[in-house]
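Chemist: Sequence:
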Amino acid sequence: MSGSGNLPPDLIKVVAERLDPKEFVILRAVYPSALAGEYNAQTRPPLLISFSDAESLFWSMSRVEEVYRAPLPIAPSLSGLGLLCYQGWMAIAQEGQLKLFNPISCIIIELPGSEKLCPVYKFALSSNPSVSDEYVIFVHVQPDTFAFYDPRKRAWTTETYRPKSQIMDLIHFKGRFVALDENRRVITFNPQDNFNIQENQVIPNVKGSTTPHLVECSGSLLVVWHKNDRFSWDSKTEFRVYKVDLDERASTEEKSLGSASVFLSSGCSFSVEFNAQSRLPEIRPNRIYCVDFFRHWDRKILSYNMEDRRIETHPELMPLVAGTVSTPRWIQPTF
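Mapping of the sequence shown onto this note's numbering: residues 1 to 335, in sequence order.
Hints in this document: simulated from the structure, not taken from any laboratory.
One should not assume that every hint holds.
DSSO-like, lysine-lysine: derived pairs with alpha carbons at most 30 Å apart [to be verified]:
{"id": "1", "residue 1": "Lys116", "residue 2": "Lys174"}
{"id": "2", "residue 1": "Lys99", "residue 2": "Lys116"}
{"id": "3", "residue 1": "Lys243", "residue 2": "Lys227"}
{"id": "4", "residue 1": "Lys153", "residue 2": "Lys99"}
Listed next, with one range per pair, are the computed distances between beta-carbon atoms [unchecked claim]:
{"id": "5", "residue 1": "Ser218", "residue 2": "Thr157", "range": "30 to 36 Å"}
{"id": "6", "residue 1": "Arg310", "residue 2": "Cys106", "range": "37 to 43 Å"}
{"id": "7", "residue 1": "Ser256", "residue 2": "Pro151", "range": "36 to 42 Å"}
{"id": "8", "residue 1": "Pro112", "residue 2": "Asp193", "range": "23 to 29 Å"}
{"id": "9", "residue 1": "Asp53", "residue 2": "Thr252", "range": "43 to 49 Å"}
{"id": "10", "residue 1": "Thr252", "residue 2": "Pro73", "range": "44 to 50 Å"}
{"id": "11", "residue 1": "Gly96", "residue 2": "Asp133", "range": "42 to 48 Å"}
{"id": "12", "residue 1": "Asn305", "residue 2": "Lys207", "range": "20 to 26 Å"}
{"id": "13", "residue 1": "Gln198", "residue 2": "Glu253", "range": "22 to 28 Å"}
{"id": "14", "residue 1": "Gln198", "residue 2": "Gly258", "range": "27 to 33 Å"}
{"id": "15", "residue 1": "Thr157", "residue 2": "Gly96", "range": "18 to 24 Å"}
{"id": "16", "residue 1": "Cys106", "residue 2": "Arg249", "range": "39 to 45 Å"}
{"id": "17", "residue 1": "Pro112", "residue 2": "Glu312", "range": "42 to 48 Å"}
{"id": "18", "residue 1": "Thr252", "residue 2": "Gln198", "range": "17 to 23 Å"}
Just so it is clear, CB atoms sit at the ideal spot from N, CA and C, and this is done for glycine as well.
Sequences are here, hints too, so could you generate the full structure?
Modeler: Below you can see the structure in the form of structure tokens.
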């Protein structure tokens, strides 16, 4: 790997698409961040990540029995293990200081003047901080504070959202930050308009649904509702998907994900696309994959088939690693 810096980026990308979790993490740790702007995480299967007191643990659906451990250079927060967003970055609060941390690259970014913003309840990034400083951090601090940080200005901007409704999920989508509150209101914040708050619409009520997830999929913004009895995942479990049009302030129910699949975890949901170049043998299109909505001691990977509306329990058991203190979550293996 010492001579990897002399390889063309296109060749490195081809190699990265074929590596197992351990090899990918090692490659990312030694290869410069310049590749981050060119690498497409959707070309390889997502990883599962969990944490112990001192380590990150990575594995994939194809090799669940093989766990790769990487030391954590930053201690987990007291409130858990930090918040994870889909690009693979975590927001961790330590002694009142907010930090961004990437468990794959082990990059740490300290955010100045963040004492009043801890603890963070939800957060999102406009782009990958590994690429450049042209990104914006969006954080939500309960009950009604939103804050935005621009590294180029080195300043926080705060907004108050009323009524004080709990924010269920948030995401960055096509230049805007989008939040969904407990009253099913879609709220947008536009960086080009001084982050003024706009309530776009109300998503239809899905009776019995417990958890909404905002996901970008095939260029569209989806709200995926999870509905289940926590002690049974057969006929009582289902997912409902709505496509949201922010400009028209409208939503329509989607019956199919087409050539894409969605991976749901708390705070880090995303999609992958399938095409002729995709190398995702253990993953199938038009499915919703989840791991952390059911009894954690079962350690099963589940998928929901959008076509026949059935739950499939995959034969792979996630490894039960002594000392882990978090439920496994999906992560996109980005640079």
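Chemist: In ascending order, which of the hints set out earlier in this document are inconsistent with the structure?
Modeler: 11
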